[in-house]
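Student: Sequence:
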Amino acid sequence: MKAVSWLSVVALATVATSTIKAQDFPKPGPEHEVLKKMVGNWDLTMKVAGQESKGSVTYKMDLGGLWLASTLECDLFGTKFTGKGLDTYDAGKKKYISVWVDSMSTHPIVMEGGYDQAKKTLTLTGEGVGMDGKPEKCKALTEMPDNDTMVFTMYVGDVKDPAFTIIYKRKK
Numbered sequence: 001m002k003a004v005s006w007l008s009v010v011a012l013a014t015v016a017t018s019t020i021k022a023q024d025f026p027k028p029g030p031e032h033e034v035l036k037k038m039v040g041n042w043d044l045t046m047k048v049a050g051q052e053s054k055g056s057v058t059y060k061m062d063l064g065g066l067w068l069a070s071t072l073e074c075d076l077f078g079t080k081f082t083g084k085g086l087d088t089y090d091a092g093k094k095k096y097i098s099v100w101v102d103s104m105s106t107h108p109i110v111m112e113g114g115y116d117q118a119k120k121t122l123t124l125t126g127e128g129v130g131m132d133g134k135p136e137k138c139k140a141l142t143e144m145p146d147n148d149t150m151v152f153t154m155y156v157g158d159v160k161d162p163a164f165t166i167i168y169k170r171k172k
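Residue 102 in the numbering used here sits at position 102 of the sequence shown; the count goes up by one each step and never skips.
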């Protein structure tokens with residue numbers, strides 16, 4: 001009886017191993033090159049509510065090169081502000097995906113969208129939670145005019161004017 005059980009375990013392990021090996025895991029594609037351009041250390045100036053805050057952000061490709069991970073730190077209205085982001089390209093949806101969390105909210109902002117090669121602009125839309133606790137539309141534009149500059153503009157709700165803008169300059 002023990003021999004039959006042992007053989008069953010070996011057979012099951014063999015089938016499971018061959019199934020795992022046969023499965024194709026995602027690999028970074030050409031769309032990930034847009035995200036790779038952001039890798040590095042950046043100084044930032046955030047403009048919000050008529051004020052400016054200084055800080056820094058670090059971007060690195062992570063999780064097998066599929067995700068761009070970011071860590072942002074700055075002084076915002078006299079308070080230390082930190083945030084973390086994860087960005088990728090979802091080949092199934094044919095869209096860029098972004099998840100953002102920070103020290104001023106317990107709700108993530110999740111957005112998706114596309115990259116315009118001619119304009120060198122990543123445009124993402126999605127939803128976050130407003131100050132009143134209700135869902136709120138978000139739109140983010142990341143313009144990349146050159147390899148050492150990015151301009152991030154965030155719109156919240158149905159407004160024409162941005163909620164804030166961040167200018168990034170690559171550290172040399």
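Incorrect hints may have been included.
In silico lysine-lysine, DSS-like type, Cα no more than 27 Å apart, as pairs [said to hold, decoys possible]:
{"id": "1", "residue 1": "Lys-94", "residue 2": "Lys-37"}
{"id": "2", "residue 1": "Lys-95", "residue 2": "Lys-37"}
{"id": "3", "residue 1": "Lys-139", "residue 2": "Lys-95"}
{"id": "4", "residue 1": "Lys-36", "residue 2": "Lys-172"}
{"id": "5", "residue 1": "Lys-160", "residue 2": "Lys-120"}
{"id": "6", "residue 1": "Lys-120", "residue 2": "Lys-93"}
Treat the hints as calculated values from the structure; they're not laboratory data. Model, not experiment: these values are computed from the prediction.
Student: Does each hint hold? Answer for all of them.
Tutor: Going down the list of hints, with the structure as the test:
A C-alpha spacing of about 19 Å is found between Lys-94 and Lys-37, which places the hinted pair at or below 27 Å, so the restraint holds. At most 27 Å may separate the alpha-carbon atoms for a hinted pair to count; Lys-95 and Lys-37 meet this at roughly 17 Å. Under the criterion of a C-alpha separation no larger than 27 Å, the hint pairing Lys-139 with Lys-95 is consistent with the structure, at around 15 Å. Using a Cα cut-off of 27 Å, the hinted pair Lys-36 and Lys-172 holds, with the two alpha carbons roughly 17 Å apart.
Between Lys-160 and Lys-120 the alpha-carbon distance is near 21 Å, which keeps this suggested pair within the 27 Å criterion. For a cut-off of 27 Å, the pair hint linking Lys-120 to Lys-93 stands: about 21 Å separates their Cα positions.
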